[in-house]
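Novice: Now for the letters of each chain:
Number of protein chains: 2
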Amino acid sequence: MALNRLKQAAAHVTGLAGPPYPLDPLSENEIQQAVAIIRKEHSGLFFNAVTLWEPRKAEMMAWVQDPKTTPRPHRVADVVAIGRGSKVYDGIVDLTEGKILNWELTDGVQPLITMEDLQIVETVVRKDPKVIEQCGIIGIPPEDMHKVYCDPWTIGYDERFGSGVRLQQALMYYRPHVDDSQYTYPLDFCPIYNADTQEIIHIDVPPVRRPLNKAAPNNYHAAAIEAEGGFRSDLKPINITQPDGVSFTMDGRIISWQNWKFHIGFNYREGIVLSNITFNDKGAERPTFWRLSLAEMVVPYGNPEHPHQRKHAFDLGEYGGGYMTNSLSLGCDCKGAIHYLDAAFVNRAGDPTTIENAICIHEEDAGILFKHTDFRDNSVTVTRGRKLIISQIFTAANYEYCVYWIFHQDGTIQLEIKLTGILNTYAMLPDEDTKGWGTQVYPGVNAHNHQHLFCLRVDPNVDGPNNTVFQVDATRGAGEVGSAENKYGNAFYAKKTRFETPEQAKSDYNGATSRTWDICNEARVNPYSGKPASYKLVSREVPELLPKEGGLVWKRAGFARHAVHVTKCEFLVLLVSFLAMLSVWLAVSNAHFLDHDSQIHPAGRHVPQTSGEPSMGLPQWIAENPDADITNTDIVLWHTFGLTHFPAPEDFPIMPAEPMSLLLRPRHFFTKNPCLDVPPSYCSVPSGMGKGVGAGLVDGLSRLAFGKEGAEGKKCCGK
Amino acid sequence: MALNRLKQAAAHVTGLAGPPYPLDPLSENEIQQAVAIIRKEHSGLFFNAVTLWEPRKAEMMAWVQDPKTTPRPHRVADVVAIGRGSKVYDGIVDLTEGKILNWELTDGVQPLITMEDLQIVETVVRKDPKVIEQCGIIGIPPEDMHKVYCDPWTIGYDERFGSGVRLQQALMYYRPHVDDSQYTYPLDFCPIYNADTQEIIHIDVPPVRRPLNKAAPNNYHAAAIEAEGGFRSDLKPINITQPDGVSFTMDGRIISWQNWKFHIGFNYREGIVLSNITFNDKGAERPTFWRLSLAEMVVPYGNPEHPHQRKHAFDLGEYGGGYMTNSLSLGCDCKGAIHYLDAAFVNRAGDPTTIENAICIHEEDAGILFKHTDFRDNSVTVTRGRKLIISQIFTAANYEYCVYWIFHQDGTIQLEIKLTGILNTYAMLPDEDTKGWGTQVYPGVNAHNHQHLFCLRVDPNVDGPNNTVFQVDATRGAGEVGSAENKYGNAFYAKKTRFETPEQAKSDYNGATSRTWDICNEARVNPYSGKPASYKLVSREVPELLPKEGGLVWKRAGFARHAVHVTKCEFLVLLVSFLAMLSVWLAVSNAHFLDHDSQIHPAGRHVPQTSGEPSMGLPQWIAENPDADITNTDIVLWHTFGLTHFPAPEDFPIMPAEPMSLLLRPRHFFTKNPCLDVPPSYCSVPSGMGKGVGAGLVDGLSRLAFGKEGAEGKKCCGK
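Residue numbers (the UniProt record's numbering), protein chains in the order written: chain R, 1 to 719; chain E, 1 to 719.
Pulled out of the complex, with its shape left as it was, chain R reads as follows:
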């Protein structure tokens, strides 16, 4: 095993391994290859994205089932490029065959803004005479323009400028010193940047001006803390070590751990993508989910004053959760034995570029997994749990999103997101009324109300691809108090509503009934409970989309209108063999937008500057066939969750991480607790009590904080 690992590690570095797994992200070599193939036929392009065009589900499932006789899926690149005049090209390049399968000019769309696109704006802004003029009005002299900064956002959508020209809005800031946090010094005007001409085409200036904030800097960097009295010195170290290494193995990007097995993908949009997730149930590798990802998010701000309505970032669709990912090479964000994966992307010039240590894979202790004590004799079994965490952190301008995909030994998958980073801020006058749309978190700093709404894409595979979704509500039984059927009024049950069409499946959260959603395989009935094998979505942070129906955000972020949507993922059976697929491609040049495997992005493939008329993505797909039969078939469940944030001074100048979590829990999937064979930390049984036998393992490393007999360092449990 160790030798195997060395080989893999070496192969990973040298690139001498066999062919990549079909779901592996494109390597630097493959990105180069794709660009070269395109350049043979097309010139004058800036590259926006070159990413894996994932093998279609039917083709991939067939290959997974029988890789020896099924043709290996080709390596195919999904390309977005931008030509002169903001022309957008969508292309599909077969790397295995070395040829372009599809290349089309797509009108009226704007691909996402890359980090390179962002970086340019600040330079342009600082030199623009009209920006310099505006800076002067609020108290920044021309010689201080190097102290002016901007966070360039996509413009969202502004009806004055439409979708034809590639635009960004520059949220303006100032730094008295280069190391000062700029969010203490928001400026009150907002330049609009044309990415094609690289110039400022307009500045939104508010009717009431707000001079540059005169408050002292409010920093969190080490020098600032030292100046304010220094760091606290009373934290003793907690060391977390794994002397024997990790409990998982990697075969390329396929990880195996505690009966779980799955592929870890990554792309520029969604970041981490987990595919073909199976759980080994006493020797049977049972499928659970075909593909899990965070597919989109939107952060609407609640201030109706112009132009703040434009602040509703789609951080994945407009910037890319992969592109914005932190390299963890500069500091361990996790503890213990860590395995990292890099992420390769294309840059604007068409060259490959890599974020080192983009994905972190590690284990953590998970506290008590289960425990029971018999009150009669204190015989007890207590077993500690372990969890596996696949994580990434991405920085969306001011904010940080820490995404943790957590696997538990009991078959549960948890998605935890921690929000940290810095509030988006806007200037305010002394004693200005925020009108309830924001909070003064520091003198002169208005942090607007906002929501963080994430869209989890769940492509289930619960004992196979044919699944059905039920809404489950805890519900009072029939019969009034005193009736024969419910004399004491205590009857309650799980009311299940079967989702039969996408239209009917549009469903909201109900906290009062502890609403959950079951993803079931109705053909696989649990032999004990008589209920279908299922995974239950348990999610409790599910606010409504607060922007109103018919408004800008409501139109653009259709996925956020309901907590759950379900769509049908129809196989095009013709696509199963690659030759057949190719013929389809040739026949239908638009095919990759039409086939259901491409229904990945619930706010559309190209999100910036969509007007929401019509709403792209999810509402469009559902409208195409609102009455499709979504029972016992291949479906996708879309879940929007998140939180509403009314800022407070505690969140500034940097926000303590706020966690949020949801679970996918197996219910009626197993016939018993699937982790009974995890070694207990202590186990005794009635027949052994008082006989000094039956005691199992204890943690020999833990010790008493203060020695009971006055001697420090005594081990716990008298061991």
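It cannot be assumed that every hint is accurate.
Where chains are identical, the list cannot tell them apart; a pair therefore holds if satisfied intra-copy or between any two copies.
[Said to hold, decoys possible] Computed cross-link-like contacts, DMTMM-like style, restricted to lysine to aspartate or glutamate with a CA-CA straight-line distance of at most 25 Å: (1) K506 with E522; (2) K68 with D251; (3) K506 with E541; (4) K261 with E658; (5) K87 with D627; (6) K435 with D188; (7) K214 with E432; (8) K496 with E28; (9) K236 with D365; (10) K496 with D508; (11) K87 with E480; (12) K214 with E228; (13) K261 with D234; (14) K387 with D251; (15) K127 with D144; (16) K568 with D94; (17) K568 with D351; (18) K87 with D351; (19) K506 with D144; (20) K387 with D473; (21) K99 with E503; (22) K261 with E285; (23) K568 with D629; (24) K130 with D24.
Note that these hints are calculated values from the structure, not bench results.
Once you've looked at the hints, dock chain E against the given chain R.
Specialist: Structure of chain E alone, referenced to chain R:
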């Protein structure tokens, strides 16, 4: 400091310390003393409880503020004893003065069932001829009666037997072998036990009989797992060590950690009680909460068939969360450097008895506390968090509740509860229809639907005792889409509803508006935000009480009718000095039931066999003065939260821990993030980027899981 600790530790063991802190639980000596004082005047008693009669809030607050000149609160014992003929005595004994302050016979109540009360029943049941007869009917021969077990529960309330006689219901089980889990073999009948006469007075027999389950045992103990293939061997150790010890100090039972300071109490009912919780805000010790505890809970089961309506355990009020607490001396349930506190109680005979290591105090790494990367240059600050955990685990017959009071560095208090242990089960016939009231989790085993509803008692002290509660709902702004005030429809704000009377403050959860409740000090306005200093209750697992209005559980568990209740906690100013208090005692023998400091138990002081007519506890207190002014005054907030559990086979034979969590978060309490001075694990600033300076600490212990160059063990971050 180390010497100080040694002294404390030694004093703790030898009992040679000065007087106990007024909030400390009674020691074994004090319990003995209380019993001796009572025995001088009363005989023939069994002791049910001898616990600290906590100093009244006004008296204690006065003493805390000025301990040198204020009289030290006396040590006083709160006593419940049972005399012949189920006579219940409530008494108050002044240990400092050595005399009984109050002693009364309380009619028509039944104190909680102690572990000793429970232990007796099984012996009686096994010998009872009618029970033996019933066992015979379902297939257990008389010679196997030693294989018959019961979990004795309070009877709850059964109108056939009323409240006058002390009763238990025996939930019956069978073990083929002494080490087998009995919950696989529930029996179908239910004997009623008279605790006074120690005999079975009735047996509830269902109309349809269910013979003893013939299924094979379903066990989780080590021998069973070994027999089924053994334990998994692929878990490598994760070692958590604290070589320099813990970061907290203890002064008696007062803990100081990361600006937090509070007293850790414990009693037989609530278990852990945290008092006088303050946060040191740059030198100022600011009060946050006067007293926090889990005050009550109820576990209603949802099967309306007789006599299952009686299954609705009030685990704290009917059994005692302290009495049922696990001793952690037999196994470390936490990792690292642990400090334990013991818990002393009285036993039935009046002798003191101690649960060793009842409370566990330890720290854990808490992951990222905050992080921000500047996308321009990748300058970054990342700081890891730490948490302090005060925990206990109690076993309520079949179930385990793990209670974690978690303190965060950012001023947040988290209450996490993990549910584990074993489902309560009932017998079922092959192919019997559970009618939706339960689930067959194993052949012949029906686990009924149930709720776990906890009542958190919050006695706030947010910058002082005069607080006000607001309900907060995320709400859409006025103005339709297209209107001048809300053109794009994106306006939203935090709608605040001020609670002015207990009647108006009865409030339910609303998941759609992400409802929270703010506990505010309206006199302490945040200088930046202009909003009152507050702590926000953020709780997302808040199901409705499913038993119907007017039914048995609804009547008995009044606290569970709403998510939040607020009551007024009126000081009786006369009580401030002890002499004055004494005179009140003499004047009003019932005083300790009347004064508001005694409003601790929201389902009543004596819970077993209450009929709910009238509802005891919270509904009673509110009905006494529904229109009391609860603004800017001393209040108590009662929060009912929990979950609804529809069992599945995965939960059996022992349930993987299911966690649930709520937060008390400071909002507008601080003027900035209060944990900026936690040392970062990495910090660089723009001015230092590329110059090789500015890098702070990294975790030198973490390492790569698989060496990048093929060599294992390489440290992370190239250090």
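Novice: All hints, please: hold or fail.
Specialist: Right, here's what the structure says about each hint:
1. For the homomeric pair K506 and E522, the shortest alpha-carbon distance inside one copy (21 Å) is at most 25 Å, but the shortest distance between copies (42 Å) is not.
2. Taking the closest pair of Cα atoms, K68 and D251 come within 25 Å of each other only inside a single copy of the chain (18 Å); across copies the shortest separation is 69 Å, beyond that limit.
3. Within a single copy, K506 and E541 get their C-alpha atoms as close as 18 Å, and across copies as close as 23 Å, so both meet the 25 Å cut-off.
4. Proximity of K261 and E658 under a CA criterion of 25 Å is satisfied inter-copy only: 23 Å between copies versus 30 Å inside one chain copy.
5. For a Cα distance limit of 25 Å, the shortest separation of K87 from D627 qualifies neither inside one copy, at 37 Å, nor across copies, at 69 Å.
6. Only within a single protomer do K435 and D188 lie at most 25 Å apart by alpha-carbon distance; the minimum there is 17 Å, versus 64 Å between protomers.
7. When the C-alpha separation of K214 and E432 is checked against a cutoff of 25 Å, the pair qualifies only within one copy, where the shortest distance is 15 Å, while the shortest distance between copies is 76 Å.
8. Taking the closest pair of Cα atoms, K496 and E28 never come within 25 Å of each other, the shortest separation being 49 Å inside a single copy and 54 Å across copies.
9. Taking CA atoms no more than 25 Å apart as the test, K236 paired with D365 passes in both settings, with 20 Å inside one copy and 11 Å between copies.
10. In this assembly of identical chains, K496 and D508 lie within 25 Å of each other by CA distance both inside one copy and across copies; the values are 15 Å within and 24 Å between.
11. Within a single copy, K87 and E480 get their C-alpha atoms no closer than 67 Å, and across copies no closer than 37 Å, so neither meets the 25 Å cut-off.
12. For a Cα distance limit of 25 Å, the shortest separation of K214 from E228 inside one copy, 19 Å, qualifies, whereas the shortest one across copies, 72 Å, does not.
13. In this assembly of identical chains, K261 and D234 lie within 25 Å of each other by CA distance solely across copies; the values are 14 Å between and 42 Å within a copy.
14. In this assembly of identical chains, the alpha carbons of K387 and D251 lie at most 25 Å apart only when taken from the same copy (19 Å versus 36 Å across copies).
15. Only within a single protomer do K127 and D144 lie at most 25 Å apart by alpha-carbon distance; the minimum there is 11 Å, versus 93 Å between protomers.
16. Taking the shortest alpha-carbon separations for K568 and D94, neither the intra-copy value of 27 Å nor the inter-copy value of 73 Å comes in at or below 25 Å.
17. In this assembly of identical chains, the alpha carbons of K568 and D351 never lie at most 25 Å apart, being 37 Å within a copy and 69 Å across copies at closest.
18. Taking identical chains as interchangeable, the C-alpha atoms of K87 and D351 lie at most 25 Å apart only when both belong to the same chain, with a minimum of 20 Å there against 87 Å between chains.
19. In the homo-oligomer, the alpha carbons of K506 and D144 never lie at most 25 Å apart, since the shortest distance is 53 Å inside one protomer and 57 Å across protomers.
20. When the C-alpha separation of K387 and D473 is checked against a cutoff of 25 Å, the pair qualifies neither within a copy, at 29 Å, nor between copies, at 35 Å.
21. For the homomeric pair K99 and E503, neither the shortest alpha-carbon distance inside one copy (40 Å) nor that between copies (74 Å) is at most 25 Å.
22. Within a single copy, K261 and E285 get their C-alpha atoms as close as 9 Å, which meets the 25 Å cut-off; across copies the closest is 51 Å, which misses it.
23. Taking the shortest Cα distances, K568 and D629 sit within 25 Å of each other inside one copy (8 Å), while across copies they are farther apart (56 Å).
24. Taking identical chains as interchangeable, the C-alpha atoms of K130 and D24 are never at most 25 Å apart, the minima being 48 Å within one chain and 69 Å between chains.
Going through the hint list in order, the structure does not satisfy hints 5, 8, 11, 16, 17, 19, 20, 21 and 24.
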